[in-house]
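*Asks:* Modelling step: build the complete structure from the supplied sequences, incorporating the hints.
Heads up: the sequence lines are chains A and B, in that order. With the numbering used here as the guide, the letters of the first sequence map in order to residues 1 to 105. With the numbering used here as the guide, the letters of the second sequence map in order to residues 1001 to 1222.
Bear in mind the hints are in silico, worked out from the structure with no lab data behind them. Each residue gets a CB set at the ideal place from its N, CA and C atoms; glycine is no exception. Heads up, some of the hints might be wrong.
Label-pair distances were calculated between CB atoms; the ranges are [stated by the list, open to error]:
# : chain 1 : residue 1 : chain 2 : residue 2 : range
1 : A       : T103      : B       : A1138     : 34 to 44 Å
2 : B       : T1186     : A       : D86       : 32 to 42 Å
3 : B       : F1165     : A       : D24       : 19 to 29 Å
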Amino acid sequence: MKVTIIAALSAIIMASVVGLSAHDEYRIIGTVTKISAATLTVKQSKDGKVFTMKTDANTIVTRDKKKVARTEMKTGAYVVVDALGDSLEDLVVLEVRIVPAPTAK
Amino acid sequence: MTTKAEPQTAPAPSLATLAKTTAIVLAAAGLILMTIILPAEYGIDPLGAGERLGLTAIANPPVTIIEMPKSEGAPLAPTANGPIGEYPHEFKLDTFEVALGPYDYLEYKYSMEKGATMVYSWTASAGVHHDMHGEHPAVGGGEPEAESFDKKDRQEAAGSYTAPFTGIHGWFWENPGGDTIKIRLTTAGFYSGAIEIRSDRTRHPHTLHAPNVVRTGTVSAP
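*Replies:* Rendered as structure tokens:
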């Protein structure tokens, strides 16, 4: 009985790990349009699409490869967002890099 | 007391005999040349004797072709024959050009069997973050396991690559700055497919070309 319970728990844990690791990493590059306590909205520069992504305690914000406070992330800032999820509509932000806006051509 | 015997010498042949002997030898040599040597060595048979004697076949032996196990659907895995790797069908050519937007990244990979080879060269209009790597096929719905072989910032590279395992093999390029960077890759090798994977995780298969097809290259933007 004990062995069966351990095997079942192991299977559940393994399935969860596989499920988590099956997420893809996406990159959204553009301008921050809205920030809330648990979300970040970015207008993608290449096609103008707007993505609202979840943020959590693990989300980090950097500038020049250094970690900065989340309050540094402001509306209008140009950002490179790496986020994890199953699709572009369901993303959790891993890292937000605040970068200089591209040179206008 | 002994006396030395004088050595007996044959009388010298007359000039007529010498000429006659020489003529006989030359005629015999000529006959051998015309009937045996020329047909057997060079396939020249002026008297037809070579063909009757079966000697012309020596000069032109039939070509026996070793059939390769050709099949378009067969995996492009090499079979070792000394220093030669033999494949079931011909290699492919590919040229890929891309304009990589500011801070964006892209992957471009080929489906290769273990041991299959390709040669490549690529150049970029500015330095990029670069990782040449291979990906094992995903197992059980999990993430495919990747192995990096050259992870450096580069602006160009050229080399040959032998796939250490069956999977997809190629490049990750990331634009580190705010200006668009153009990248051009040219390869030739024993791969069966090419795929472009963009930063939005969309996958775009590319058409490969046989060596006898010349084309001018394509441009695709992420």
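*Asks:* State for each hint whether it applies.
*Replies:* To see whether the hints hold, each was checked on the structure:
1. At roughly 39 Å, the beta carbons of A:T103 and B:A1138 sit within the given window of 34 to 44 Å.
2. At about 35 Å, the beta-carbon gap between B:T1186 and A:D86 stays in the expected band of 32 to 42 Å.
3. Between B:F1165 and A:D24 the C-beta distance comes to about 22 Å, which sits within the given range of 19 to 29 Å.
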